[in-house]
Amino acid sequence: GAVVSQHPSRVICKSGTSVKIECRSLDFQATTMFWYRQFPKQSLMLMATSNEGSKATYEQGVEKDKFLINHASLTLSTLTVTSAHPEDSSFYICSARVQDYGNTIYFGEGSWLTVV
Amino acid sequence: GIQVEQSPPDLILQEGANSTLRCNFSDSVNNLQWFHQNPWGQLINLFYIPSGTKQNGRLSATTVATERYSLLYISSSQTTDSGVYFCAVISQASGTYKYIFGTGTRLKVLA
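Chains as they are written, first to last, in our numbering: chain A, 43 to 158; chain B, 42 to 152.
Simulated from the structure, these hints should not be mistaken for laboratory data. Virtual Cβ for every residue (Gly too), placed ideally from N, Cα, C. Warning: the hint list may mix true and false statements.
Pairwise CB distance ranges, derived in the manner of DEER restraints [to be verified]: (1) 81/B - 87/A: 33 to 43 Å; (2) 71/B - 45/A: 21 to 31 Å; (3) 95/A - 57/B: 45 to 55 Å; (4) 94/A - 57/B: 39 to 49 Å.
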């Protein structure tokens, strides 16, 4: 199947700093990628839809200025958590839709963010 | 928006047992996938199954779109099947490709 790679897999940052998470489609072009957030023992909540070459579409309740999403190329989307706080600690995971396979989506490995 | 409920929320099995996981959704869907999230957080795609029945080894899935539910069957369970199982759907009314995840079933298989 299609491969989506996410980096870093784990990151610890100090409160008040910013951290960037990358999501790459390795063997296909992804015009649309999705960013999810998962708190411990909970389901995945969609944060935003990342569209190549245009602004991301954020879900209701997600702060656009705090979670900056950039989709500058057909194989890379980035999520930057700005001015991170301990409550931003979570598991962040991206996914991409593989158009040639219908609407099947594949997920990256996820990134564990801990803000101390 | 569409609601996606899974049952049971938690399940403990003895190795070798069979089980059925259920996914109910509140509106018509264009797509449905089943995922297994392993203890390290990685999501593994199990089935893309907006309708009908599919089988892959010990796993099979059935979606009855007209009745708004999907079932995931696990036969002869193994300890490596432990983890959380999610179904995810795309609402037909949404006009998008956004997947909405169900509440999940946490499975533990005992040796």
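Quiz item: Given a hinted range of 21 to 31 Å, is it respected by the beta-carbon distance of residue 71/B and residue 45/A?
Solution: Cβ of residue 71/B to Cβ of residue 45/A: about 24 Å, so the range 21 to 31 Å holds.
Quiz item: Falls inside 33 to 43 Å, the C-beta gap from residue 81/B to residue 87/A?
Solution: 20 Å, violated
Quiz item: Is the gap between the beta carbons of residue 94/A and residue 57/B within 39 to 49 Å?
Solution: 47 Å, holds
Quiz item: Regarding residue 95/A and residue 57/B, is the given constraint of 45 to 55 Å on their beta-carbon distance met?
Solution: 52 Å, holds
Violated hint: 1 only; the structure is consistent with all others.
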